[in-house]
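Each chain, written out:
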Amino acid sequence: MSIKGKAYIAGIYEHPTRLAKDISLAQIHAQVAKGALEDAGLTKDDVDGYFCAGDAPGLGPMSMVEYMGLKPRHVDSTDTGGSSYVLHVGHAAEAIAAGKCKVALITLAGRPRAEGMATGTVPRSRGGTPTPDEPFEFPYGPTVVNMYAMCAMRHMYEFGTTAEQLAWIKVAASHHAQYNPHALLKDVVTVEEVVSSPVISDPLHRLDCCVITDGGGAIVVVAPEIAAKLKRPKVRLIGAGEFVKTQMGGKVDLTYSGARFSGAAAFAEAGVKPSDIKFAAIYDSFTITVLMQLEDLGFCEKGKGGAFVADGNLIAGTGKLPFNTDGGGLCSNHPGNRGGLTKVLEAVRQLRGEAHPKVQVKNCDLAVAHGTGGSLGLRHGSATVILERE
Amino acid sequence: MAEAKERKLAAPSVSQETEAYWDAAAKGKLLVKKCTACGQFHHYPRTICPFCFSDKTEWVEASGKGTIYSYSVMRRAPVPYAMAYVTLAEGPRMVTNIVDCDFDKLKCEQPVKVVFKPTDGGPPLPMFTPA
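In the order they appear, the protein sequences are chains L and H.
Residues 1 to 390 in my numbering are what the first sequence lists, from first letter to last.
Residues 1001 to 1131 in my numbering are what the second sequence lists, from first letter to last.
Same shape as in the complex, but just chain H:
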């Protein structure tokens, strides 16, 4: 296991626009934004859809399943970590980390599932681990 030590995670800054996302994360749920006008999911979440510019967007609970689009293990960091983009089952790709795994065995398109990791004084961060 290449991941041994614990990494301290900075707290995300929460705004009124994204409060629901972080409240859900605290309850172990991953939300994504869906536009009811064009039907598309997007990430990171906005009030106005970045595709059709409609303000008819709503929060939807994601399945928490996805695949690794790309990743890179930051070997040079004091505690190495795996930076990644995960493609959610719902469609959008999100910046995240892959955790609780052997970094040397990661692969693009590998199935993963969401886990939540505590931050330093803020809501937890959705991350992913091999499914």
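Next comes chain L alone, as it looks inside the complex:
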């Protein structure tokens, strides 16, 4: 069974806040749920499927189901880090195709800024029963940034990728962010500014890193017969793929990501090629994340990502592959340190023709949204969806 054409994204909402000192975590989940349902023209009582990940307070979906007063007949709290919500779109379509629900709500919220969390630069102990990997990793000090940095270091070694090429990814994001009134960083930056910003962990500079923000977002995925009754432009899911990439028992290869597999599966299901894609929403925790995923999704040959992203190729209006036109995680928003959901949101805006006019891609009828969650250098979840305007 394929999910192609079996589900539509009918509602989206991105919380405008980037610092949520006076809002609770549960409150953000409910606010974004309300926003996405209103966008779709649906109500809470229409929701019969609920999806959330590890950012939701409580055990799996239960506390949020209670808090929001939902009555789902289908729930899924699969957590693959920041990629979870992209994966949830695929899972929601599966559930809808199987008749298990008709209106699936996906929510994300987080408050790392308000909570003063050291997001990227301090090793995170998970607490509780150690995972089998923990004694062999945690004492060495793996952080978010240094484990992505090691991928960049190896990519540079094998393929000659340069810091300036990586910097172009941030430059492109900043060109887009200047038009987003909610973006945390609205200033356009140059390659020179990126490579002269302080090194956090070699070879990644401060401006190679995404922002740390509070906030959240929600997506409503619906059955075709529901979508037919709604007034919003129709965005159809035509392909989805997921993968978990690991160290493979000591055969780790840092030069590629799970996008190689989740992307191939999604493109195959959709029956389209990377060259058909008009807009790419690509997880951007760091510049290197974008570069590797673009290669692995098939937008260019492995190792040629540096040349592909250089010279503004990702900038809307001038580049061949406009990406993250909201400013992405690199400049606008990375709510709860989980950036997958906002990738789907901007893809839907582009397909609806509702992106900012300065960055709206002409005739945008086919888009990809891709997420990476966890640690690119240790183990990560990958999820890809292909969306089409009907």
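Quick caveat, the hints were computed from the structure, so don't treat them as lab data.
Among the hints, erroneous ones may be present.
Unchecked claim - To spell it out: a stretch of chain H is covered by chain L in this simulated footprint if at least three of its residues, at any positions, have a beta carbon under 8 Å from a beta carbon of chain L; those stretches are:
1) 1006–1020
2) 1055–1069
3) 1077–1086
4) 1090–1097
What the hints assert, rightly or not - Capping the alpha-carbon separation at 27 Å, the derived lysine-lysine pairs in DSS-like fashion look like this:
5) L:LYS6 x L:LYS100
6) H:LYS1065 x L:LYS273
7) L:LYS251 x H:LYS1113
8) L:LYS302 x H:LYS1107
9) L:LYS358 x L:LYS186
10) L:LYS71 x L:LYS229
11) H:LYS1029 x L:LYS251
12) L:LYS251 x H:LYS1107
13) L:LYS34 x L:LYS231
14) L:LYS251 x H:LYS1117
15) H:LYS1056 x H:LYS1029
16) H:LYS1107 x L:LYS304
17) L:LYS251 x H:LYS1065
18) H:LYS1008 x H:LYS1027
19) H:LYS1029 x H:LYS1113
20) L:LYS6 x L:LYS273
21) L:LYS231 x H:LYS1056
All figures in this text were calculated on a predicted structure; none of them were measured in a lab.
Yeah, the Cβ is synthetic: ideal placement off N, Cα and C, and Gly gets one too.
Using the hints provided, position chain H relative to the given structure of chain L.
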């Protein structure tokens, strides 16, 4: 020398499954797991081989030699340190640190050898230094 101050290392949590590994580390020996069914080495160590799922795995003493697969110097830390993957001569790549060296001169594929560094109340950690 970019590495000046000493960094306090957290003790690894030891389970029955990996006790032999940490006991050996305390004696200055690096062990790796080898599967006698498929003949492959793996890391981190498991009882059941992650390649062929056989439970016929055994501990083997590693040569302690390897090369740097990739690394990153965490400049932002209070005491900067070099995170790395080292490819052991036996094959598996392991998460580790590169120590007792000039961080500015590290390179991918550089030969390294194992050293053991004390942790805060636990067994020592195998790390690597330029050979």
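Comparing the hints with the structure gives:
1. Coverage of the segment 1006–1020 of chain H by chain L holds in this model, with 10 residues showing a Cβ closer than 8 Å to a Cβ of that chain against a need of three.
2. Here the segment 1055–1069 of chain H counts 1 residues with a CB under 8 Å from a CB of chain L, which misses the bar of 3, and the coverage is violated.
3. For the segment 1077–1086 of chain H, the assignment as covered by chain L holds, since 5 residues bring a beta-carbon within under 8 Å of that chain's beta-carbons and 3 suffice.
4. Check result for the segment 1090–1097 of chain H against chain L: holds, 7 residues qualifying (beta carbon to beta carbon below 8 Å, three or more required).
5. Under the criterion of a C-alpha separation no larger than 27 Å, the hint pairing LYS6 of chain L with LYS100 of chain L is consistent with the structure, at around 13 Å.
6. At most 27 Å may separate the alpha-carbon atoms for a hinted pair to count; LYS1065 of chain H and LYS273 of chain L exceed this at roughly 45 Å.
7. Restraint check for LYS251 of chain L and LYS1113 of chain H: satisfied, since their Cα atoms lie roughly 19 Å apart, inside the 27 Å limit.
8. Note on LYS302 of chain L and LYS1107 of chain H: the hinted pairing holds, with a Cα-Cα distance of about 22 Å set against a maximum of 27 Å.
9. Simply put, LYS358 of chain L and LYS186 of chain L have alpha-carbon atoms about 14 Å apart, close enough for the 27 Å limit, and the pair holds.
10. For the hint pairing LYS71 of chain L with LYS229 of chain L, the CA-to-CA distance comes to about 22 Å; that is within 27 Å, so the pair holds.
11. Of the supplied pair hints, the one linking LYS1029 of chain H and LYS251 of chain L holds, its CA atoms being roughly 22 Å apart against a limit of 27 Å.
12. Distance restraint check for LYS251 of chain L and LYS1107 of chain H: the Cα-Cα separation of roughly 20 Å lies within the 27 Å cut-off, and the hinted pair is therefore satisfied.
13. In summary, the hint linking LYS34 of chain L to LYS231 of chain L is supported, as the alpha carbons are separated by about 17 Å, within the 27 Å threshold.
14. For the suggested pair LYS251 of chain L and LYS1117 of chain H, the alpha carbons sit about 25 Å apart, so the restraint of at most 27 Å is met.
15. The hinted pair formed by LYS1056 of chain H and LYS1029 of chain H meets the criterion: a straight-line CA distance of about 22 Å does not exceed 27 Å.
16. Under the criterion of a C-alpha separation no larger than 27 Å, the hint pairing LYS1107 of chain H with LYS304 of chain L is consistent with the structure, at around 22 Å.
17. Restraint check: the Cα-Cα separation between LYS251 of chain L and LYS1065 of chain H comes to about 17 Å, which is no more than 27 Å; the hinted pair holds.
18. Of the supplied pair hints, the one linking LYS1008 of chain H and LYS1027 of chain H holds, its CA atoms being roughly 20 Å apart against a limit of 27 Å.
19. In summary, the hint linking LYS1029 of chain H to LYS1113 of chain H is supported, as the alpha carbons are separated by about 12 Å, within the 27 Å threshold.
20. With a CA separation close to 20 Å, the supplied pair LYS6 of chain L and LYS273 of chain L stays within the 27 Å bound.
21. Between LYS231 of chain L and LYS1056 of chain H, the direct Cα distance comes to roughly 62 Å. Violation of the 27 Å bound is thereby established for this hinted pair.
When each numbered hint is compared with the structure, violations occur for hints 2, 6 and 21.
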